[in-house]
Each structure stands twice: as C-alpha cells, then as structure tokens.
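So the protein lines, in turn, are chains R and A. Heads up: the first sequence is residues 1 to 287, going by the working numbering. Heads up: the second sequence is residues 1 to 256, going by the working numbering.
Do not rely on the hints blindly, as some may be mistaken.
Straight-line C-alpha distance at most 27 Å; calculated DSSO-like pairs for lysine-lysine [unchecked claim]: (1) A/Lys2 to R/Lys66; (2) A/Lys154 to R/Lys59; (3) R/Lys59 to A/Lys43; (4) A/Lys108 to A/Lys14; (5) A/Lys204 to A/Lys171; (6) R/Lys278 to R/Lys219; (7) R/Lys139 to R/Lys204; (8) A/Lys90 to A/Lys2; (9) A/Lys90 to R/Lys73; (10) A/Lys144 to A/Lys155; (11) R/Lys66 to A/Lys240; (12) R/Lys204 to R/Lys219; (13) A/Lys43 to R/Lys204; (14) R/Lys59 to A/Lys155; (15) R/Lys187 to R/Lys266; (16) R/Lys272 to R/Lys204; (17) R/Lys73 to A/Lys207; (18) R/Lys73 to A/Lys155; (19) A/Lys154 to A/Lys171; (20) R/Lys59 to A/Lys240.
One side only, chain A facing chain R, incomplete, derived with CB under 8 Å [to be verified]: (21) Leu52; (22) Arg53; (23) Cys223; (24) Ile225; (25) Trp256.
Just so you know, the hints here were simulated from the structure itself, not pulled from any lab data. Glycine included, C-beta positions come from ideal geometry on N, C-alpha and C.
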Amino acid sequence: MTASGTFGYGEEYMDFYDINCLGGIVVKGTTLHHREGNPYPRMAETGRGMLNAVGLQNKGVHYFAKEIYPRIKDFGTNILVNVSGSTIEDYVETAAAIQELDNIPGIELNISCPNVKEGGMAFGTSCPSAVAVVEAVRKVYNKHLMVKLSPNVTNIAEIALAVEQAGADSLSLINTLLGMAIDAETKRPLLSTITGGLSGPAIKPVALRMVWQVTQVVKIPIVGMGGIMNAEDAIEFMLAGASAVQIGTANFVDPMVGSNVIDGIKEYLERKGMNSAKELVGGMITD
Amino acid sequence: MKKYIQDFDVVENKRLNQEFVVLTLQHPYQLPEMFPGQFVEVKVENGPNTFLRRPISIHDVDREKQQIKLLVQEIGEGTQLMGQLQPGDKLNLVYPLGNQFQISPNDKVLLIGGGCGIAPLLFLGRHLLENGITPRFLLGARSKDGLIELDEFKKLGEVYTTTEDGSEGTKGFVIHHPIMKTQTPDYDQICTCGPEPMMRVVAKYAKNHNIKCQVSLENHMACGIGACLCCVTDTIEGHKCTCTDGPVFDSTYLKW
C-alpha cells in the first residue's frame, strides 16, 4: 500500500506505473472541515530522511466525497481514507460521511499526526483518549477500521492493545517521529512550526522495533511502515510481523517504488522457494 | 501533461565560473514536449546527506539533439555533486513538471532575471523568438563574474545588465536600470525569475505601471508532483503548490 500524505489521491502517480498493482492507496489525511495547513516552510531534508509539517492541508470530507471520490472510486485497488480530527465529534462525523461512500472499503484513523495544534497525535499518545476515539468511531463505522499509531509514546504495545480492545480491525505503524532542525548559520528553525514529523530511512530501525513489539501483543493484522525504500525493507517489516506494508516518503524520491517493491517481493519469494508473502509474516528467526 | 522518469546521459559539463555549471543531458529517444518555466526533479546519487530529488529549471531544450540543459548553482551538497558530473555519467530525471510562462502573440515582453534565476529565461527567450516575439532581457548579478550565459542571451535579443558593484552594466539592482526608470515603458509583460526580494520589487513596479507580471518561484520541494503539499505558497486563494499550480504565478495572484 502507499501511505497517506505521500501519494496524493493516486492520480499524481498514474503516469509512472499501473497503480492498480498496489494492494491499496491510503489517500491524504481528511478532516471534517477545510484546513489550510501550516505556513511555509513545511519541509526540511535531513540525513536519510525529511521533516514535514504540512498540517493536514485538505478541503474537508464533503469536498472529498463530492469532487475527488467520483474520480478515484473506480480504481482497481483498495482506496482507504486517512481520517483526522481535532475532537472526537470531528472523527465520528468524518468517518460517518465516508461510510456512505460505497467504494471505500475502510478508513485509517489518524490518531498520530504530530503537526496539528489540537487533536491529532494527542489522541494517540494516551490509552484513555485513544480508546475513546476508536470506540466512538467504531459505533458509526462498520467497514474496515485501521488505526494509525504514533511512535511518540513510551510504550506503543500498551496503546496497540488498548486500541485493539476498543474495536480496531487492524493497526498501521508508525506515523512520523517528532523532530526538529535548525540552521546554524541563521540560527532559525527550518520549519515554520519549529517541530515536525521525521520520516524516511532514518526511522526504519525504530519502526521495525515497534512493529515487532506490537505484533507480540495483538492478534489483529499490523501494517508496517517507516522508511521502506525497496523490497528488502518491506520484507524485513513482514518478517518482524507485519501482514502488509505502506510505502511513504520513498514515493517522493522514486515515483516507481510501489511497483518495484511488489516485483522485488515476488522475486524474493521465488528465490526462497516460498509460495506466498503470507509465509513471510512473523518469519524472523531468533534461535 | 504526461510525466516521465528517465535516465539521461551527461554529455557536457560546462563550467561558467566558481559557482555555476551548465549540464547538457541527452536522452536516446525523442523528448516529450516541454515548455519554458517547467522544471525537472533530479536524483543526486552518492550524497551522504542528500535524500530528496533536486528541482532544477529547464535552462534550454534542443529537441533535434534530444538534449536538455540545466543551469546549476552549487549552493549545497546536492548541487555540488551535480557540478562534479562528467560526460558518461547518468542522471535520473522526473520531468517535465510544473506549469509554464503564458505569453500572447502580440505581447511586448521584458524578461528579468537575477542570479540563478536566469535559468528558465533562456528557454523562454528562445520560445518567444520561435513564436515571432523578440525578447529583451534585463539580467542582474552581484558582479561581472555572476553575469552568466550572456552570449547565449545575446543570440536571442537585446540584453541589459546590472551589477551591485558596478563592474558591468548599470550599478545597482535590476530595478535601478534606466529601462525601469522610464515613465512610459514600451513593454506590457514582465516575466521574472530570481531572488524573491528582487521579484517582489519587480512585481511592485509592474503593478504601479499596470504591466502584467509573471514570477517563477523556487520553494523547497519534496515530490515535485503535487503529492506532498510541502512547497506551498500563499495566494489569494489560499495555499497552492509551487510544483503543480506553479512554479510560474501571476504576481497579483500571490499574497505579496
């Protein structure tokens, strides 16, 4: 799958390969109302990665339903909508609006965005608030409910377990790590918001560790992500216990990466004499 | 416009001075149509600290030779690595990206460039000439050494220059050139690319004289194709992506 905020609505990448080869596309973070996002600059390149502070710029769920959904609803892959909000009521109302869209089989509940002043990550960094938002959305949303977890917590396994018990169908992790960058010459922060979310290969070891920790405690499927640049990276996440993976920041560097990862996994399976990618899941050998 | 991801061969690296090189890139097959103002996203290999692609203006296109020229100012690790490329090296591009300068057939056009911002103006000048419009250029730099590609510009039209230290042309910034002082300018369209303070001054001048002004922005980008929403600029209609809604904007559309 491709990760939210890194693949637009899929249309941006159609010139490069047949996006229907993907398992799914998680489209841009969507909120109840229009959001302008944060001021420029919103991005800073860092070693083996980047910081972003886009701040969920989007035109709101009703615009999505009216203007964007008709364009993408017949794609031959699963379209999931990443849902975010400032209050529980926002999440519930947004999820309920997407429930009405027949060709959207699921949502990814974003309780982990580090770039908004209210809500976002605040919901995903404590068990009671994570449970509250997942339970509330579960009541109005009966299709696939994936919950995207924040790595900016002391114990991610604890949150994962609480979210599972609150009714999530699957978990995706990790969202970006909270970080910052300063220009030593000008003494100024590189992001307008000072802090932002770190993504890219720099965060892969942290992501891999968290996926492994979470798979030790929950029964629902895990979608792993964080710095996947190629098939080998994706396979590592599956060996750590992820049933699927999302590719994010790599799309900016290599617009073909989605297709390349799929081909690379097939080649790996063939070389190892395996019949299905399912055989990779949790296949790390520790003895 | 359809976007491509392709490997190009570096066929020439022409060093203009300490800071600037012109890379000539060739593709084995026919190039798609490209327009002045558009840019490419370059993948820089082997940089320990470079991760994202670099957005670089299309400086010139020769479709017969299947060549693209990029003007590169070595300001950071990525552009320094590009400056070291040699014939035989490969460069991966995502292109052509962004919108283009809009010119009508009877426009009298002045192209104003500063520093590296002269890059898209050569391609624009050539395009104008091919469409029956003789371009005029006003190019500014810190000093004589920074006035690059003058011979190429002179092949296309009249060239006026300014330098901050007065080592060539009029002393001062582009706005100080006599052509900008006249009360009745004989051009009705300005296209400008360069440092933002320069473009803001030019845009203000254009507004005061009721001249249409298009500016080409150079915001930091990640994807270059409208997916990441990192490169936004403030417009009268809210945040817009410099990569897909721009890089060329009517100056009155921006919140300047």
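*Holds or violated: R/Lys73 with A/Lys207, Cα cutoff 27 Å?*
Roughly 44 Å separates the two Cα atoms, so the pair is violated.
*Are A/Lys154 and R/Lys59 close enough, with their CA atoms no more than 27 Å apart?*
47 Å, violated
*If you draw a straight line from the CA of A/Lys204 to the CA of A/Lys171, is it 27 Å or shorter?*
21 Å, holds
*asked:* Checking hints one by one. Is A/Cys223 an interface residue toward chain R, by the C-beta closer than 8 Å rule?
replied: With a closest approach of 4 Å, the A/Cys223 hint holds.
*asked:* Holds or violated: the hint that A/Arg53 contacts chain R, with Cβ atoms closer than 8 Å.
replied: 6 Å, holds
*Are A/Ile225 and chain R close enough, Cβ to Cβ, to be under 8 Å, as the hint says?*
At about 5 Å, which falls below the 8 Å cut-off, the nearest Cβ of chain R leaves the hint on A/Ile225 intact, so it holds.
_Straight-line alpha-carbon gap A/Lys144 to A/Lys155, limit 27 Å_ = This hinted pair holds, its Cα atoms lying about 19 Å apart.
*Given the hint that R/Lys139 pairs with R/Lys204, test it: the Cα-Cα distance must not exceed 27 Å.*
34 Å, violated
*Does the alpha-carbon distance linking R/Lys73 and A/Lys155 stay inside the 27 Å limit?*
52 Å, violated
*Holds or violated: A/Lys108 with A/Lys14, Cα cutoff 27 Å?*
32 Å, violated
*Does the alpha-carbon distance linking A/Lys90 and A/Lys2 stay inside the 27 Å limit?*
22 Å, holds
*Holds or violated: A/Lys90 to R/Lys73, with C-alpha atoms at most 27 Å apart*: 39 Å, violated
Checked against the numbered hints listed earlier, the structure breaks hints 2, 3, 4, 7, 9, 14, 15, 17, 18, 25; every other hint is satisfied.
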